[in-house]
Amino acid sequence: MEQQTEQLSFDFDKVQPHIVRDTRDTIKLELGEFAGPLDLLLYLIKQEQANIFDIPIARITVAYLQYIRLIERLDIALAADFLVMAATLIEIKSKMLLPREIFGEAEEEIEDPRHELVDRLLEHQKFQNAAQMLYARSTVEQAVFPRGQIESDENNAEVNATVFDLLSVFQKILARHKEEIKMEIKREEMSLFDMIKNLKRRVFQAKELYLSAFFEEMQNKQELVLAFIAVLEIVRTESVKLMQENVFGDIILRKV
Amino acid sequence: MPEAVLEIEEKQSHTVAELVSVVEALIFVADEPISVKILAEVLDEDKEIVESAVEELKSEFERRKGGLQLREIAGGWQISTRTEYHEEIRRFLKTRPNAKLSLAALETLAVIAYKQPATIPEILEIRGVQSASAIKTLLDKRLIVAKGRKETVGRPMLYGTSKDFLIQFGLKDLSELPSIEDFEDLAGGI
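Chains A and B, in that order, are what the protein sequence lines are. Just so you know, the first sequence maps onto residues -15 to 240 in our numbering. Just so you know, the second sequence maps onto residues 1404 to 1593 in our numbering.
So that you can see chain B by itself, here it is in the shape it has in the complex:
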C-alpha cells in the first residue's frame, strides 16, 4: 500500500487520506446524490482514484456502524441515516411518512419501469384497465417523465422513469431492479 500512496502523491495534489476526507465533505454538502464524475471534476483528480476514495469512505462508514450510511443511489453517492433510527428521527422532525402510492399507481409504475419507454395503450394491455389518473399521479410526483412519442399510429406519448424514481425507491440504476422474470415463480403459485 505505501508504494501506491507514494505514486498517487507524485501525480496528484491530494493524498489518499485527504481525498477520502474531501470526498466525504462534498458528498455531505451535495443536495442530490453526487456522481464520481462530478467529484473528480471538482477535485481535479482521476475518476479511478476518486472511485477508490469513495469505496474507502464507504467501508469506513460500515466499520464505524454509526447512525449514517453512504449509499450509491441514482448514479451518485449520498450520505443518509440508517433505517434503524427512523422512529427517533421522525419524532424529532415531527414528520409522517409520505402518502403512499395507490395500488393502481404502483402497478402502472411497475409496468413503466420494466417496459420503458411505454405508451398508455401498452400499459392498458398489461393492466387491463385505463391508467390515465395513475399516470397523472406519477407525473405529478415526478416519478415518470415523458420521453417523446412513439412513431406509430396516433403517435402516443412514451413514458419512462425519472431520476426521482431511482431516489425514492433507493435504486443505484435501473439494472438494480430485479428481473421481471423473477416474479414468474411467484405467479405460478396460485
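Next comes chain A alone, as it looks inside the complex:
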C-alpha cells in the first residue's frame, strides 16, 4: 500500500495543505495532504507559533493526535508512518514529565528528550527547502524551449534501418517464397495417375525397364514415393513382372 492520493500538480504557495478548525472543535483537512509526519509537525509548530528549539510537546502532541485520528480513517498505510511519530511524541512527553535528577549526575548535561526530534525536523526542513528550490527551478525550466525535433534517421522509424536489416528481411521473404513455390510444383506437376501412366508407357515401349534407372530420373522425394507406388500398382494391375538377374542385382520391370 502506498500513498494513493499523490497529487499530480500543486502550487507551493497556493496549495500548501493546512488544517481548518470548524465550529465543533473538530479539525478538517483542506487541500491535499501533508507529505509526511515531519511535515505535519513542522506545520503544527508554525501554527502554534512555537520555537522549534523549545517545542511545547504537550500542546503539539494533542494537535498532532487530533490530526492523525482523521487520516487513520483515510489511509491505513499512510497513517502508519504518522502513528510512529505519534508514539515518538508521546514518549518524549512522558520523558519530560519525569523529574530530571533521577537520570545521571546533576552536573552532567542531561540531554533534552526533544533533541533528536529537533535534529530530524531541522534536517527535514532543509530538504523541504531544497524541494522548494527544485520546484522553482523546474517552473523556470518549463518556460524554456529547445528547438523542435529534427527528423533524422535515428528518430524516423521508416528510415531507421540499415542495408543489412533490409537484406535480412528480403532474404526472409525470398525463403518464404521459395518454399511456397516448391510445394506448388510438387503437387501440380505429378500425380500418382500421371506417374502410373508414364511408367506404363515406358515399360510397354521398352519391354523392360531397370528400376534403379527409373528411380534416378525422379526429381525429389515425393516423385520417388509416387514412382515406388506406381511400380507396386503396375505390378498388381498389369501384366508386368519384377525380375532380378542375380542376388542384390538390379531389379528389372518386364512386360510379360
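The hints are simulated quantities; they were obtained by calculation from the structure and are not laboratory data. This one's a predicted model, so the numbers in the text were calculated from it and none came from an experiment. Be careful, since some hints might not be right.
Distance windows between CB atoms, simulated [to be verified]:
no., chain 1, residue 1, chain 2, residue 2, range
1, A, Val68, B, Asp1576, 31 to 41 Å
2, A, Arg160, B, Gly1470, 52 to 62 Å
3, B, Arg1493, A, Ile134, 15 to 25 Å
4, B, Gly1478, A, Ile134, 19 to 29 Å
In silico EDC-like cross-links for lysine to aspartate or glutamate, where the CA-CA straight-line distance does not exceed 16 Å [said to hold, decoys possible]:
no., chain 1, residue 1, chain 2, residue 2
5, B, Lys1503, A, Glu125
6, A, Lys181, A, Glu229
7, B, Lys1575, B, Glu1491
8, B, Lys1450, B, Glu1463
9, B, Lys1518, A, Glu107
10, B, Lys1575, A, Glu107
11, B, Lys1566, A, Glu125
C-beta atoms are modelled at their ideal positions from N, C-alpha and C, and glycine is treated no differently.
Given chain A's structure and the hints, the job is docking chain B onto it.
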C-alpha cells in the same frame, strides 16, 4: 588578437569565425545538449579552441539579446528560447506546462539529489514517511536511476539523479545545486 588568430589558422583547419559558426550549427542540430568534447571530436580541433569558440558564441547570443539563448546544461551546450517568450511560444505550440511533481515526489527527489547514491531506508529516515510511490514516479519520469546496490544488510537499491534531472532542472552539473547547508538559515526561521 590577430596574432592569436594566425597561430590557430596555421595549426587547425578552421578559422575562429568559421569555428564559431560551425559550433553554432552543431549545437542547433543536436537533440541533446552537446558537450565540448563531442564538438571537438566532430570538428577535429583541440578542446580548448572549441571551448573558446563556444564562449565567443555565448557572448554573441548575449550581445544580440534575441529570442534565443545558449546555455550550458547537463554537461553540454544547448540553444533554447528565452524564458520571457514562453507565453507566446505556448500559444503557438498549443501546449501546457507538464504536470508538476507532487510535494512528496519533489521532497524525495531533493533527498536523492543531495544524498546520492541513497537507499529507500535513508530517504525514509529523512522524510519520515514511506517513499515508494514517489520513487516510482521519479523512476517513471526518468529523473532518477538505480545505481547498483548498497553492500549492507538486505542489499538495498541505491538511487541517484539522471541526466534528464539535470536537463529538466536546468543544471550544468550536480555541483550547481546550492549547498544543502544553505537551506539551514531558512530552517531556523520558524
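Hints and how they fare:
{"no.": "1", "hint": "A:Val68 to B:Asp1576: 31 to 41 Å", "verdict": "37 Å, holds"}
{"no.": "2", "hint": "A:Arg160 to B:Gly1470: 52 to 62 Å", "verdict": "55 Å, holds"}
{"no.": "3", "hint": "B:Arg1493 to A:Ile134: 15 to 25 Å", "verdict": "21 Å, holds"}
{"no.": "4", "hint": "B:Gly1478 to A:Ile134: 19 to 29 Å", "verdict": "21 Å, holds"}
{"no.": "5", "hint": "B:Lys1503 to A:Glu125", "verdict": "12 Å, holds"}
{"no.": "6", "hint": "A:Lys181 to A:Glu229", "verdict": "26 Å, violated"}
{"no.": "7", "hint": "B:Lys1575 to B:Glu1491", "verdict": "26 Å, violated"}
{"no.": "8", "hint": "B:Lys1450 to B:Glu1463", "verdict": "20 Å, violated"}
{"no.": "9", "hint": "B:Lys1518 to A:Glu107", "verdict": "12 Å, holds"}
{"no.": "10", "hint": "B:Lys1575 to A:Glu107", "verdict": "26 Å, violated"}
{"no.": "11", "hint": "B:Lys1566 to A:Glu125", "verdict": "15 Å, holds"}
In this structure, the hints that do not hold are numbers 6, 7, 8 and 10, in rising order.
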